[in-house]
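**Student:** Single-letter residue listing:
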Amino acid sequence: MSRATVLEARNLKVHRGQTQVLDVPALDLRAGEVLALMGPNGAGKSTLMLALAGLLPLSGGSLRFKGAELAGRPEREAYRRRMTMVFQDPLLFDATVAQNIATGLKLRGAPATLREPAVRAWAQRLGIGHLLGRPARQLSGGEAQRTALARAFALGPEILFLDEPFASLDAPAREGLLDDLGRILAETGSTAVLSTHDQAEAARLGHRLAVMKDGVILQTGGLREVMNHPEDPFVAAFVGMETLLKGQVASSGGGLLTLRLGRGGDGHEVLAVGEARPGQTILVGIRPEHVALSLHSDKSSSARNAFPGTVTKVVPRGPFFKVELDCGFFLAAYVTAQSLAELELGPGSTIVASFKATAAHLIRREGLESEV
Amino acid sequence: MDLIWEGLRKALELLLTLDPEVLRITMLSLEVSGLATLISLVIGLGIAIPVALTEFPGKRLVIALLNTGMGLPPVVVGLFVTVLLWRNGPLGFLEILYTPAAMILAQAVIASPIIAGISLSALQHLPPGLRLQILALGASRPQMVWLLLKEARLPLLAAVMAGFGGVISEVGASIMVGGNIKGQTRVLTTATVMETSKGNFEVAFALSILLLVLAFTVNAVLTHLQQRNRPR
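Chains L and U, in that order, give the protein sequences.
One gets my numbering by counting positions in the first sequence from 1 and adding 27 to each.
One gets my numbering by counting positions in the second sequence from 1 and adding 3 to each.
Chain L with its partners taken away, still in its complex shape (with noise of 0.2 Å):
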């Protein structure tokens, strides 16, 4: 089912000074999505959440809300009142809980009636209806994270701007909001561009993704799509993709094709998905929840990939490991702790990865030719 498109950027262009710090094409954002910015600092996110918001003056470019274009000030004024944003910072006043969730409703000409029940009905909703009398500068990072969710939720925005809410805080913290967020956004159907540039907090949340670089979108499309096919090597190292493999096409047909790795990769041969005229250099990419570490070669296994290896570097990565291979070539997986402890895996273990031709991604690049 499509969605009527509740945003649409054209040519977005943010200059600071001589710099252009921004540069989008095209942009849209439809109703009922959660949009993921993702890029690493200075990518430019903020940057586009505060140009797509209105709060930033464009060099260039057009904005349009629900089909009406955002031309001059007046329209940008009416906008602001029907979308909101929340920001790493709380920024919370020198006021209650209460207040604080109050006061975009007092802005916007709500009544004491009104304002009163939406107040203790989100407070309860994010967990800090016990704390609506406490003032805002004795609450933990998360609490206050949660009152600024509170108060631009009470709003009933048509767009939520969610600019790296959750940086700030501590892990548990971080967790536990990250729940509770993606449970409101759920219940709400709430349209929403979320900034980050933690993986985890998109693939949680974001129904779409685009991922930045240099103030550019690199690539857009829905959360898998760009996860398990990324188009440029900077949004495969982005979204997780941590081994990517570079060689000639030896042949191709049928949908499969047999990559011949290039320098460094020892002529081993990996089959992947995909259609690459023979000769062409093309890059490869695969992520290391996708590969699979035995002890022995399984000939009854699917995985059309194995490669002897050994392991170089075990790296703890939250509930998983990481374990850096070297089969004649870079290779990294994810296993659990009892895999780990089972397969007795420490750096000089002798391995065998394995993984499917389905899970090798093909991500062209121009240019790679010159490269190899």
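Just to be clear, a hint being listed does not mean it is correct.
Here are a few chain L residues that face chain U, going by a calculated C-beta distance under 10 Å [stated by the list, open to error]:
(1) Leu77
(2) Glu104
(3) Thr111
(4) Val113
(5) Gln115
(6) Asp116
(7) Leu118
(8) Leu134
(9) Arg178
(10) Leu182
If you're looking for bench data, these hints aren't it; they were derived computationally from the structure.
Treat the numbers as computed from the prediction; the structure is a model and nothing was measured.
Glycine is no exception: its CB is placed at the ideal position from the N, C-alpha and C atoms.
With chain L fixed as given, assemble chain U onto it according to the hints.
**Tutor:** Below, chain U without anything else, positioned relative to chain L:
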């Protein structure tokens, strides 16, 4: 020490007997400095708000000038205001020299940069994203300015206190533009100077003590306002 005790006794006596001249001097001091502070608050915020909220070439120079203005010597202000209001001066037609109006004008010139400078600093010290957050909550521009001022209310009241403190205690400008005319422009500071020069130390002490009490009372009221709605 005897002089001080005598001064205290005299002050108490003047207060308890409600000496009409002392009462008039005290009320005029309060009126002149209070009005000058109010005018300075309007002027000071009128300067501080646009300077704090907009970017323009030469902003740093404006801030440096404001900060310099915070230390304007009252006698210099007195001199300039006298020349301005002199019969043949640019504002001579107002005919307010040697009236309380002239004293209010001079004191407003002294207090405005103080209030503007402290207010500017207060607004600049608010979290950088707060303005955007307020706008994102749907505020109009006047609503945004009001919320920012409310958020900076503690240092803003400190600015008012500093401004009032600066003018209630100054003597140079008041004596130059007011003339210390009995019953018309005599305020606590100018009267204290006069009584000291006449050798009437007890009266001078009494007037000084009244000045301190007045300054304390006004600041106590402002402090109460400052701390009243502060969540604890």
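**Student:** Quick check: which numbered hints come out false for this structure?
**Tutor:** Those not satisfied: there are none.
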